[in-house]
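The listed protein sequences derive, respectively, from chains L and G.
In terms of the working numbering, the first sequence opens at residue 1 and continues consecutively.
In terms of the working numbering, the second sequence opens at residue 417 and continues consecutively.
Hint data in this document are derived by calculation from the structure and do not stem from the laboratory.
Everything numeric in this text was worked out from a predicted model, so none of it was measured.
C-beta atoms are modelled at their ideal positions from N, C-alpha and C, and glycine is treated no differently.
Don't take each hint at face value.
Claimed, not checked - Calculated cross-link-like contacts (lysine to aspartate or glutamate; reagent style DMTMM-like; alpha-carbon spacing at most 25 angstroms): (1) K18/L / E545/G; (2) K101/L / E141/L; (3) K520/G / D3/L; (4) K480/G / D3/L; (5) K487/G / E5/L; (6) K502/G / D415/L; (7) K426/G / D411/L; (8) K525/G / D3/L; (9) K612/G / E571/G; (10) K590/G / E571/G.
Unchecked claim - Pair ranges (Cβ atoms, derived): (11) D3/L / S444/G: 41 to 47 angstroms; (12) L26/L / S444/G: 45 to 51 angstroms; (13) S544/G / K314/L: 19 to 25 angstroms; (14) K18/L / G548/G: 24 to 30 angstroms; (15) I342/L / G548/G: 36 to 42 angstroms.
The primary structure of each chain is shown beneath.
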Amino acid sequence: MFDIERWQEIFDTIRKNKLRTFLTGLSVASGIFILVILLGFGQGMQNGIAAEFKEDAATSIWVWPRRTTIEYKGLNPGRRIQLRNENFDAIAGQMGDGYEKGSVLYFPRDVKVVYKNDLLVYNIAGTTADLQTIENEYLSEGRYINETDVRTNAKVAVISNKIKREVFSKLDSPLGEYLNISGANFKVVGVFGEYGDDEGEEERIFIPITTAQLAFNGGDKINNLNYLLPEQGSLDETVANTDKFIAEMKDYLHEYHGVSPEDDRAIRVWNPIEEAKRYYGLTNNIKFFFWFVGICTIIAGVVGVSNIMLIVVKERTREIGIRKALGAKPWSIVGMILQESIFVTAISGFSGLILSMAILEVVGPNVEIDYVLNPSVNFTVAFSTVIVLVVAGAIAGFFPAWRAASIHTIDALRDE
Amino acid sequence: MGSNSLHVLKGINFSCESGELVAIMGSSGSGKSTLLNILGMLDEADSGEYTLDSVPIKNLTETKAAQYRNKFLGFVFQSFNLINYKSAMENVALPLYYQRVPRKERQEKAIEYLDRVGLKEWATHLPSELSGGQKQRVAIARAMAAEPKVLLADEPTGALDSKTSYEVMDLIQKINDEGNTILVVTHEPDIAEMCKRVIHLKDGVIVEDKKVEQVRAAQYVQ
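In isolation and in its complexed conformation, chain G is listed as follows (with noise of 0.2 angstroms):
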């Protein structure tokens, strides 16, 4: 936006398969949000190439973009982004409405899902009316609902305590259980050692990208 442009990421390559759920992890200004704008296609790369289930991406209009992200993409951010003036299922019904769903399919697969998330008996409510946990799972369920091939968080526990933070992990690892993939942006340590695979970014270059020993979430939720 500025008129001093600034390489933010410099050489970044990697891939991703099915079913893994990747931490990106770095300092402040390493560049993992812009990272993770670009997956999301909500930015562009200047250069570089990216293929999202063998579709390669790239020139978006807006419009494709809008399609592409409707239907691959998913996404939890650390504001929650909730509409206020809608109710958690009205909420969780908005990406299906997208999607051309009847409306009365919408409703009955937005309370599946935040059955899911343990939220059903909160369906009429307003996000105002919720807790921050909740609304972060109100919105994990919203992203859950269009069945998206990539679940994109971009510190989905920034805005929470440590104890809400754990049942939002455990609700993210269980829904990798079921087999779906996700990349979850974070700078907390406790939060990245419950992904399967890190990746720190340190001045928009990879210096490390391991698998490690997933740390259950679970153990930490009474």
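Chain L on its own, in the form it takes in the complex (with noise of 0.2 angstroms):
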């Protein structure tokens, strides 16, 4: 292998027969080429949509109660389910450990909302401090709701960045600044975003849930539970423990109500991560696919490789009759044949490599296309389909060399 005068002899071959060496060098440089483009791309999409879940904590769940559809212990459907502090009180105290943050949402109804004598649409929702992190809100300025604001029954109000900027945009902060409803006048002391494009929740002024039910003549009903449930090792274990805090839940919410055990639709609980998985399971299809093209490739471009081998063998069988007219034993026949099929489809196979790597180290972090994110491929996959590659292209180029070695010399001398 480390035989100069070897190298010097293929060297001398590969610079005489620049055609044949180029084009087998094409077919196995595109094939790892296309291979990274390809996986690259794969694991940009599962990137991309990893992104869009992180829009809200992917396991927060949301519980809202409807109407009864199912006859149950003498009761008629139809009726309308009413949440209760009691109720998330109640399921603290028997599943406190399966959740990590717990809030509820109450909406006061028929509620006007003036800032210096303009009429708001905002909607008022009173709540906890927990919900900032459940539904993955950052704060701009000033606080959010606290625990003292709610056990004080505080008049104060956090309003969304769409408000500030459709309310406040003449002044530098709205904090400090009072707005009325129905009434009442609320410090404004916070302003919350929402992460991603995605303004839909942005139209709340959050309260303390406690000054919302007092205020508006809500006793103590509230509208919706609202969670976040620790994450598990893998995905499927984080599904499974969802399901199952969701199911005693709803057992529990059921039997309090007087709801059929039948009844799903009475008690309706929204679960992301259901979504979440479904998306998952995508792009390990998606991601199954491109390697399925990609081995496609890899064996085109194997069969590529082996195909000008045996052409090269074939057209070479005369002077390796001569050569071993002069005096070249078999063995270095073959080994010199599968020496330059193997260096030409390494430096090919590493060219390609080096160069698609390039390429998506460049390109990848300026792709902006929706689901796909910094696409990226994995060096030591990229690494090891070379390998095989070039494995398999000398594997395909020993078989024609050995048989063409091994052929009478008289009869390789006399082919045309």
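Since each chain comes alone in its own frame, lean on the hints to assemble the complex.
In structure tokens:
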């Protein structure tokens, strides 16, 4: 292998058969190139989809009641269910270990929001401090509703970036301003924002839950239960854990509100992790598809290399005969042809690898397509495919080379 | 190769001394090429003995045969058999590569042998840029570069016109004059007359084996 004379002989051959060498190299390099780019985009799609799901905390669930649809224990269907503070407290007592954060929402009805004689059309929602984590909101200014606010029925409000833009655009900061909500003045203490492009939830003004219930005839009514559940080791475990929590919670709520266990429509739960699981499944399929196409490309590359090797050996049969007549041993012929083919496939394979990795490095971070983020490829994987291609090329070259070397010298010389 | 075996040579018995220039003659199909291929270890006899420089040649593996060919034998073919992508000099240097002669020495030696056949200025040319006679002279230089014990020439003039043929025969005679043993297969009587001994083959047997008065080719070459 490290015989310098052999290498000189091989370089002579390569130099004088440029087209042949170029074509072999091209098929190898393009095979690797396509594979790496495909795998890179597969990874990019997975990254992109994962990023889309960061907008809401992926393990948050929302619970809201509807009307019953099944008659149960003498109660008619069509009955409206109303959640109460007691429900939240009971779930905290029974299943407090099952979630990381829990919060509630209460939407007072028929409230008027006025700021300096302008009527505003935003929703009022009473809530607690933990909603911020559950809804995955960030703070632009000031603070969020806190536990003291809830305990002391404070008349404070947290508004969104959107409201700040639309209502308080003339001021440097809306903090310290007062909103008149159905006659009571609420002091603005914070501004929040939602991650992502979706501003649908930025229509809300948050006030403490206790204040909302007290000031707007809420009693102990609540509209939504919101929970952030813990993430487990794998997605499947997280889904299983979430499903278990939801089932236990529904059992309790059904029991408490006299809802038939078969009535799926009375208490609704939105569980985005189920959606996430579907998307992750989809990305796995996409990844699998890209692998499949990539491997087919590699197989095409191997077939191409084999084909070229076959033709090369055929073309060189007479030369092989001459070399043998001049004293070349069969193994030195096989060695020469193999060394040449391994050299060419290795060099061109790595060129394809380096080129495609460079393109991914340069272009990858700048890609701005929905659901594609920072396409990149695992170097070990790409490196291994080059090795596979080189080995396959060597095996593909070995058999025709061996056959040509074992043809009788006299027959090889007669080959035209 | 075929399924039917055909006896080409049927009892050939001759010996050749060092320094001889032997012509093997015969019409086509008489077995003269087969004889030369056996002598050249390119082919193997079904039975019989062959001793080259007191080494018995039998049951050769391809590797062993390659070694012997490299050490003992030089070949000149009717169709030259030069490697078309190598220059004249590289073609001549090729047998030395298989003798593991270092590159530099190989090239010097190749130039020296090309000089002997009068083609030193053509050293960097490809075979396609040479005439038939020049190609054959390169082939002879290549055969001689390995300094073989025996030079085997299979119809060396078969593809050449008569003037070029005489030039090639002149070269062969000169190499013989230096003491090299040469066997030439030919079917042309005038070429055979330029050798020192003529063996006639017919249907695989020797019908005549005689020493001849050598006709010098130089007189036909201006």
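Against the structure, the hints come out as follows:
1. K18/L / E545/G: Within the cut-off at roughly 20 angstroms; holds.
2. K101/L / E141/L: holds (23 angstroms)
3. K520/G / D3/L: holds (15 angstroms)
4. K480/G / D3/L: holds (22 angstroms)
5. K487/G / E5/L: Roughly 19 angstroms separates the two Cα atoms, so the pair holds.
6. K502/G / D415/L: holds (19 angstroms)
7. K426/G / D411/L: Roughly 22 angstroms between the alpha carbons, so the hint for K426/G and D411/L holds.
8. K525/G / D3/L: Status holds; Cα separation ~21 angstroms.
9. K612/G / E571/G: holds (17 angstroms)
10. K590/G / E571/G: holds (18 angstroms)
11. D3/L / S444/G: 41 to 47 angstroms: holds (44 angstroms)
12. L26/L / S444/G: 45 to 51 angstroms: Given range 45 to 51 angstroms: holds, Cβ gap about 47 angstroms.
13. S544/G / K314/L: 19 to 25 angstroms: Distance hint for S544/G, K314/L holds at roughly 21 angstroms.
14. K18/L / G548/G: 24 to 30 angstroms: holds (28 angstroms)
15. I342/L / G548/G: 36 to 42 angstroms: holds (38 angstroms)
Taken one by one, the earlier hints all hold for this structure without exception.
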